[in-house]
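Engineer: Hey, can you work out the whole structure from these sequences and the hints?
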Amino acid sequence: MVSKKEHSGPGAVSRRRFLAGSSAAAALMLAGLPIGTRAAGTLKIGVLLPRSGHLALIGQDCQRGADLAPPLLSDLGYKGIELISADTESNPDVGRTQAEKLIREGAHVLVGTFDSGTTAAVAQVAEQKGIPFVINIAAAPQITEQGYKYTFRNFPTGPMLVKDGLVLMNTLFKATGSSPKTAVLMHVNDTFGTSMLNGIKALASKVGLVTEIKEYIAYDPKAKDLSVEVAKAKSVGADIHMAVTRLNDAILMVREMVKQRYEPMGIISPGSPGMYEGQFLKALGKYSDYAITNVPWFDPRQEMAVELGRAFTKQYPDLLFNLNTGFTFEAVLIAADAFKRAGSTNPDELAAALRTTNLDKHVMVGGPIQFNDKGQNVNIRSATLQNRDGLPRVVLPESSAEMAPVFPVPGWRDRG
Amino acid sequence: MPFDFYINILVAGVLNGTVYGLMALGLSVIFGVMRIVNFAHGEMMVMGMYAAFMLNVWLGVDPLVALPFVALALFAFGFGLQTTIINRFINVPEHQQFLLLLAVGIILTNAMILLFGPDARAIQVSYAFDSIELGVLVIDKVRIYAAGTAAIIAALLFGFFRYTRMGKAIRACADNFLGAQVIGLNIKLLYAVTFGIGAACVGAAGTLIVMLVDVHPHLAVDFTLLAFVIVIVGGLGSLSGALIGGILVGVAETLPALLTFVSIPPSMKSMFSFALLILILLVRPQGLLGKKA
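Heads up: the sequence lines are chains A and B, in that order. Numbering of the first sequence is given in this note's numbering, commencing with residue 53 and proceeding in unit increments. Numbering of the second sequence is given in this note's numbering, commencing with residue 269 and proceeding in unit increments.
Among these hints, one or two may not hold up.
[Unchecked claim] Selected chain A positions facing chain B (in silico; Cβ < 7 Å): (1) 137; (2) 287; (3) 404.
[As the list claims (entries may be wrong)] Cut-off 20 Å, straight-line C-alpha distance, at most; resulting in silico cross-link-like pairs (SDA-like, lysine to any residue): (4) A:258 / A:210; (5) A:334 / B:278; (6) B:409 / A:258; (7) A:276 / B:384; (8) A:201 / A:399; (9) A:334 / B:486; (10) A:276 / B:388; (11) A:276 / B:318; (12) A:181 / A:426; (13) A:274 / B:395; (14) A:276 / B:278; (15) A:266 / A:287; (16) A:276 / B:387.
Keep in mind the hints are simulated off the structure, nothing from the lab. Just so we're clear, the structure is a prediction, and the values are computed from it rather than from any experiment. The C-beta atom is built at its ideal place from N, Cα and C for all residues, glycine as well.
Structural biologist: This is how it looks when you write it as structure tokens:
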């Protein structure tokens with residue numbers, strides 16, 4: 053897919069900016085306010101996302117979260133939010149130049165960028181230019197370990213993700229009165245899969261995971277067929293099947309498990325994409341049910357999350373609302389909240405307001421949105437998602453659950 | 269490791285290998301007769317995969333039902349390609365033939381990216397999740413259908429070449445080009461039919477493989493390479509060699525799972541088929557069923 057680049061250069065007017073300007077002008081006429089006063093009351097948020105390239109599908113998921121934010125936030129009392137968007141093309145260097153471009157175009161805050169490589173590049177630019185940067189999604193720990201004063205991450209770090217994922221497994225077993233003693237772990241053999249694996253190995257004993265991981269089975273991310281790997285996993289005879297996957301291989305893996313009649317107590321991902329995604333649910337139908345993924349997710353008990361979900365479904369009826377959309381919306385919310393409290397678009401005042409963020413009403417599972425002195429939100433929690441009737445549902449933690457977890461899960465042939 | 273694990277893996281390897289064998293047959297037929305190596309082989313297979321995908325997704329046609337139509341379409345494509353372009357390159361140096369077919373491959377790959385995008389597409393058949401139990405064996409129904417169909421097509425092809433007049437004529441061209449000319453065979457037509465048959469084989473293989481593997485445009489390179497390994501192992505120009513080579517490679521791909529006493533990274537899976545290739549080239553360079561040079 054090819055995305056149209058917005059016109060750039062001094063004096064160029066994109067359609068989005070023209071329409072925004074028209075709306076602002078109309079509002080001014082109705083309000084009878086001087087132009088200068090209204091202009092000072094607008095926060096320009098530069099949104100950087102990978103809308104093309106190999107992360108395009110996810111980048112566009114994120115973009116939807118950003119696009120839904122201004123009207124919804126306006127209804128909630130956050131006025132004067134204007135988005136200007138740029139495509140990082142799934143490339144850190146492009147991300148850097150686009151960040152600089154947005155700042156030249158007058159962005160007061162940056163939001164983005166989904167992947168850790170591009171996020172690190174943009175954080176550097178933000179620090180140099182003294183412009184606040186709210187990270188929607190990126191898990192590499194070092195991004196908030198460099199003493200940056202203008203970077204604020206509203207997403208768990210890699211270690212936080214793994215730890216939460218494993219702790220939730222124990223919580224699941226306790227909640228369902230089950231006690232699987234052994235596990236086999238299949239993982240994708242790329243940078244992401246390997247770092248997850250290393251995290252799991254390092255943290256499993258520390259968090260006291262009750263299940264022993266008997267064997268680790270790596271597979272090629274380009275694998276066209278996982279029949280051999282699944283047969284190997286089956287032959288281990290473990291109680292549960294753990295998986296660290298990407299979308300396509302998650303589909304291959306479960307399809308093969310059905311064919312080989314490999315029926316562990318359950319399939320659990322301690323934190324990886326794949327099994328909660330729309331394409332997985334669609335491709336596997338009834339066999340996608342009961343798969344469990346421990347990931348950060350929107351909180352169905354939060355009113356703001358329900359409102360956002362409703363707006364999303366109304367605007368995009370064929371798509372599934374997911375964490376990419378939710379976290380990007382929250383990033384815009386955080387910027388808008390800081391703007392409201394600071395009463396100014398001055399970068400340093402915005403940064404100071406961001407540092408004192410305390411949002412108990414938000415979208416994603418976890419405590420209030422607060423940033424520690426490194427700019428990391430340490431209150432984000434993962435949720436346990438279980439696919440039920442073709443949709444991912446929050447089953448844990450109990451305070452956010454929309455239904456009770458089912459574990460052990462029914463066999464493949466027992467699904468109606 | 270339990271016994272049933274080994275036997276299931278080997279059976280899956282044989283079934284996969286039979287389909288690989290059909291894929292390689294297309295390459296072997298063309299080389300055996302015309303001495304042209306089809307470097308666009310994988311791309312033609314991916315065309316077959318997408319054709320089956322379209323028929324399945326848009327018209328709800330089962331790939332097994334779609335197979336004759338896809339094979340016919342690929343036959344027409346191969347026939348047309350040979351009569352219009354490849355025929356001019358029969359007697360030119362090999363590197364020019366290589367460049368021509370490489371160019372065809374590149375054009376086909378990019379055409380498919382334009383039409384379908386770069387993402388992987390999967391086909392859904394009603395029996396996609398079914399398997400058949402035979403004692404300790406749990407055999408994937410899709411693999412059984414695919415391998416069975418591949419075997420039937422291969423048998424039909426052997427029959428064509430052995431028992432039909434046109435098949436014999438084509439073999440005559442392969443055996444002795446000058447002799448074939450002397451007795452008045454229509455070489456151009458026979459070559460066009462040969463290329464068409466080769467394309468039909470690989471199109472049929474694509475229709476079967478799409479039931480096993482998700483399709484995307486860049487799959488072509490992997491399969492062209494795999495076809496070369498199979499044809500060299502089985503013996504260039506040997507039809508039965510292609511089938512046997514396919515089965516050997518299919519089984520070789522399962523070896524990493526069998527060697528449980530060493531930890532082998534999954535990306536080295538294809539190491540075993542290449543090791544088999546090297547072994548064959550060292551010990552029997554003409555291939556298992558190839559003729560001595």
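Engineer: Against this structure, judge whether each hint is valid.
Structural biologist: Each hint, compared with the structure:
1. The closest approach between the C-beta of residue 137 of chain A and any C-beta of chain B is roughly 22 Å, which is over the 7 Å cut-off, so the hint fails.
2. Evaluation of the residue 287 of chain A hint against chain B yields a held restraint, the C-beta minimum of about 4 Å falling below 7 Å.
3. Evaluation of the residue 404 of chain A hint against chain B yields a violated restraint, the C-beta minimum of about 44 Å exceeding 7 Å.
4. About 16 Å separates the Cα atoms of residue 258 of chain A and residue 210 of chain A, which keeps this hinted pair within 20 Å; it holds.
5. Taking the CA atoms of residue 334 of chain A and residue 278 of chain B, the gap is near 31 Å; set against the 20 Å cutoff, the hint is violated.
6. For the given pair, residue 409 of chain B sits about 44 Å from residue 258 of chain A by alpha-carbon distance, which is inconsistent with the 20 Å threshold.
7. Distance restraint check for residue 276 of chain A and residue 384 of chain B: the Cα-Cα separation of roughly 18 Å lies within the 20 Å cut-off, and the hinted pair is therefore satisfied.
8. The suggested pairing of residue 201 of chain A with residue 399 of chain A holds, with an alpha-carbon distance near 11 Å, which does not exceed 20 Å.
9. Distance check on the hinted pair: residue 334 of chain A and residue 486 of chain B sit about 24 Å apart at the alpha-carbon level, beyond 20 Å; violated.
10. Between the alpha carbons of residue 276 of chain A and residue 388 of chain B the distance comes to roughly 10 Å, so the proposed pair stays at or under 20 Å and holds.
11. Proximity of residue 276 of chain A to residue 318 of chain B is assessed by CA-CA distance (about 16 Å); at most 20 Å being required, the pair is judged to hold.
12. Between residue 181 of chain A and residue 426 of chain A, the direct Cα distance comes to roughly 18 Å. Compliance with the 20 Å bound is thereby established for this hinted pair.
13. For the hint pairing residue 274 of chain A with residue 395 of chain B, the CA-to-CA distance comes to about 25 Å; that exceeds 20 Å, so the pair is violated.
14. Of the pairs offered as hints, the one joining residue 276 of chain A and residue 278 of chain B holds, with about 18 Å between alpha carbons and a cut-off of 20 Å not exceeded.
15. Simply put, residue 266 of chain A and residue 287 of chain A have alpha-carbon atoms about 12 Å apart, close enough for the 20 Å limit, and the pair holds.
16. Annotation: proposed proximity of residue 276 of chain A to residue 387 of chain B holds, straight-line Cα distance about 13 Å (limit 20 Å).
Taken one by one, the earlier hints fail for this structure at numbers 1, 3, 5, 6, 9 and 13, listed in ascending order.
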